[in-house]
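Novice: What follows is the residue order along each chain.
There are 2 protein chains.
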Amino acid sequence: MSLHEEIRAVGDAAVAASRQLAKLTARRKNVILEAMADELANRREEIAEANRRDLDEGKERQLSSAMLDRLELTDKRFDGMVNGLTNVAALKDPVGSKISRWIRPNGLEIRKIRVPIGVIGIIYESRPNVTADAAGLCIKTSNAVVLRGGKESIHSNRAIAAALQEGGQKKGLPPGAVQLIQTTDRDAVRELVQLDDCLDLVIPRGGEALIRAVTEMARVPVIKHYKGICHTYVDAEADPEMALSICENAKCQRPGVCNAMETLLVHKDLAPTFLPRIAERMQARGVELRGDETACGILSDIAAASEEDWSEEYLDMILSVAVVDDVEAAVAHINRYGSSHSDAIITNSDAARKTFLAEVDSSTVYVNASTRFTDGGEFGMGAEIGISTDKLHARGPMGLEELTTYKYVITGKGQIRE
Amino acid sequence: MSLHEEIRAVGDAAVAASRQLAKLTARRKNVILEAMADELANRREEIAEANRRDLDEGKERQLSSAMLDRLELTDKRFDGMVNGLTNVAALKDPVGSKISRWIRPNGLEIRKIRVPIGVIGIIYESRPNVTADAAGLCIKTSNAVVLRGGKESIHSNRAIAAALQEGGQKKGLPPGAVQLIQTTDRDAVRELVQLDDCLDLVIPRGGEALIRAVTEMARVPVIKHYKGICHTYVDAEADPEMALSICENAKCQRPGVCNAMETLLVHKDLAPTFLPRIAERMQARGVELRGDETACGILSDIAAASEEDWSEEYLDMILSVAVVDDVEAAVAHINRYGSSHSDAIITNSDAARKTFLAEVDSSTVYVNASTRFTDGGEFGMGAEIGISTDKLHARGPMGLEELTTYKYVITGKGQIRE
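Protein chains in written order, with UniProt numbering: chain A, 1 to 418; chain B, 1 to 418.
To be clear, the hints were calculated from the coordinates, so they are not data collected in a lab. All values reported here derive from a predicted model rather than from experimental measurement. Keep in mind that a hint or two might mislead.
Treat identical chains as interchangeable: a pair holds within one or across any two.
[Stated by the list, open to error] Derived pair list, reagent style DMTMM-like, types lysine to aspartate or glutamate, alpha-carbon separation capped at 20 Å:
(1) K112 <-> D38
(2) K413 <-> D350
(3) K170 <-> D69
(4) K227 <-> E125
(5) K92 <-> E308
(6) K170 <-> E237
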């Protein structure tokens with residue numbers, strides 16, 4: 001069987017399974033999810049063994065320690081994976097819920113009802129727990145899922161996927177509902193994302209290079225975010241203590257993630273007093289500052305930012321700092337250099353708040369809070385399949401509802417069009 | 001200026017305009033729309049003259065009579081174009097409306113607010129009235145629009161676009177908000193749909209060949225429908241009189257449109273009595289029937305359908321007819337051969353109705369009504385930018401709401417993430 005035929009067969013099986021999944025009740029899906037969790041727990045040793053094999057091979061191939069860290073299924077991560085499935089089972093099923101309903105003058109009843117998307121491809125790197133997380137969210141929403149993990153985690157992914165499939169199928173999970181691409185051939189990604197008569201959506205998760213490659217190749221819709229260049233703008237009318245606390249949190253609490261602050265913008269009137277204080281705070285935490293001309297004039301000991309700094313996602317203890325004339329200038333900077341992820345204003349001014357919230361073209365905008373809250377769990381969604389900086393279908397953290405679409409269901413009494 | 005630079009300049013101007021449009025109040029946008037309508041009305045003669053030029057050139061180039069018909073701006077169509085703009089002005093503006101709102105335990109207020117998509121490309125053929133219709137819907141929703149009409153209607157489109165721009169700009173329409181691609185170079189479409197840092201969405205409107213070409217080339221999201229292969233399934237428990245009336249309407253009332261019925265499916269128990277009656281009705285209207293083996297056994301005077309007939313969008317007085325064992329077989333036929341547009345069941349059975357509505361994977365599903373109602377106007381949306389058979393963002397008729405996306409607006413009191 002050629003690679004093309006192999007991926008085609010996976011796609012066809014997924015479509016068939018998606019038809020069966022659409023018929024399952026919420027109750028049945030939850031029983032299946034619990035069975036998937038149980039089987040995973042039962043095979044802890046087997047999966048740990050597969051994970052050790054991946055780690056050994058990764059060390060031989062001299063993968064970076066960051067990559068090896070992401071690859072490792074610690075006990076805590078394993079428990080998280082199992083609990084993730086039972087937590088998803090406990091969430092409300094959005095499928096079949098009514099978005100809106102109205103009656104036309106001719107008596108036609110129009111209902112807009114949530115339905116599954118169909119078949120979803122997930123393309124990801126290193127973290128084997130994505131295999132279970134993504135499968136759980138897709139099954140909960142009656143979507144068939146095709147998983148394509150990285151070569152470095154293939155043994156772990158195979159062991160996890162087998163547990164999910166066999167556990168679920170005991171309770172009625174349709175074969176083909178959860179499939180892992182078995183080959184590590186790189187061309188399989190291309191074949192998969194061009195399968196536009198089978199896949200309804202692809203969600204790539206991983207580094208920017210992976211996401212760009214998937215987007216370039218895809219013939220099916222992709223929901224994604226390339227990166228998170230998040231800004232905090234400290235307005236002239238900010239409470240300085242609040243601003244200090246939020247900025248420190250946004251930059252330092254977990255600098256390696258997409259919702260951490262990368263650039264600080266400060267109003268010119270506040271800059272002379274605020275910049276020395278935030279610099280002291282940041283430097284005490286080990287953050288390197290890179291400033292624009294005005295910032296460097298106020299803070300003599302920091303490096304100058306280059307033009308590239310403003311569009312750099314450091315994912316590290318580095319912060320670029322610019323002084324701006326007003327909220328409009330802050331908005332212009334963000335819309336020019338930002339990544340439409342998460343941006344915050346710290347202010348007590350109604351006017352500045354309104355301008356910022358209306359004009360910053362990002363999926364999540366904050367007033368007087370840390371950008372670190374952009375997360376499905378922090379939003380109260382209970383689960384997250386990813387974060388979108390796209391404009392269409394889903395923006396920001398994506399939970400269960402974002403894995404559904406809708407159909408119009410129209411009920412008549414014989415109405416015909418005049 | 002190269003073609004690439006020309007289209008890039010259009011895209012950049014559209015992005016700049018979209019930032020300005022996002023700041024306009026609903027009231028200001030309505031004043032602009034009224035001014036666009038007025039200027040269009042003022043230039044009736046000038047636009048008619050441009051349209052005559054297109055028609056003359058079209059005749060010289062021996063365009064089909066159907067194409068020339070679509071090209072012609074009759075008085076009625078001209079009035080419709082002007083009234084379309086004032087009607088859109090009168091509709092409720094969805095931008096800024098709240099989709100949902102909740103408070104997190106830490107006191108963060110999360111609001112999900114409708115916002116414009118940004119910059120929308122519309123690629124269309126022949127009908128010059130699309131120029132005004134699409135511009136009106138986009139401006140109403142604060143989206144900048146880049147219009148690319150067919151070569152055959154270039155003079156009409158230029159005259160209409162100039163009227164819209166100049167009329168709107170008198171009342172504050174940002175330059176760049178409504179732009180028509182001036183060149184008729186075919187490569188301009190490719191340049192446009194690959195401008196993924198400027199365009200947020202492309203909507204192609206026209207024949208299937210155009211839509212497929214746009215989708216193949218695009219690097220930006222496309223919302224579309226290729227075709228409408230709509231089915232009516234007459235169940236064993238259908239009211240035969242209602243079924244006759246609905247089928248006749250769905251096939252004959254306007255056969256050349258995407259929501260007309262192309263295939264009739266009849267339950268095997270009803271077929272012996274129903275098929276002769278519907279055949280008589282259809283043949284009296286001049287409809288050619290093409291049947292499967294069972295249908296041909298009951299109706300001796302009709303042609304046999306080939307395998308291709310089941311996926312053919314006739315757009316004509318032709319109807320394929322199949323006899324099916326039950327509602328599950330009808331669903332399977334529709335999901336296999338249909339186009340996810342609009343499909344109807346005629347039945348008084350609760351069980352058959354539920355199965356059909358849940359399992360037919362189409363954007364609009366009907367019980368006891370004609371598929372001809374799939375239309376923004378018939379849905380009560382007041383306007384329509386197109387119909388989507390895609391799964392993501394928008395399905396079915398697309399009105400103003402479907403030209404918006406959302407952002408999360410989060411208000412805190414200094415919350416930081418623990």
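Novice: With reference to the structure, classify each hint as holding or not holding.
Specialist: How the hints compare with the structure:
With identical chains, the CA atoms of K112 and D38 are never at most 20 Å apart, being 36 Å at best within one copy and 36 Å at best between copies. In this homomeric assembly, K413 and D350 come within 20 Å of each other (Cα to Cα) only across copies, at 14 Å, whereas the closest approach inside a single copy is 53 Å. Taking the closest pair of Cα atoms, K170 and D69 never come within 20 Å of each other, the shortest separation being 33 Å inside a single copy and 61 Å across copies. Taking identical chains as interchangeable, the C-alpha atoms of K227 and E125 lie at most 20 Å apart only when both belong to the same chain, with a minimum of 15 Å there against 38 Å between chains.
In this homomeric assembly, K92 and E308 never come within 20 Å of each other (Cα to Cα): the closest approach is 44 Å inside a single copy and 43 Å across copies. In this assembly of identical chains, the alpha carbons of K170 and E237 never lie at most 20 Å apart, being 61 Å within a copy and 37 Å across copies at closest.
Of the numbered hints stated above, those contradicted by the structure are hints 1, 3, 5 and 6, listed in ascending order.
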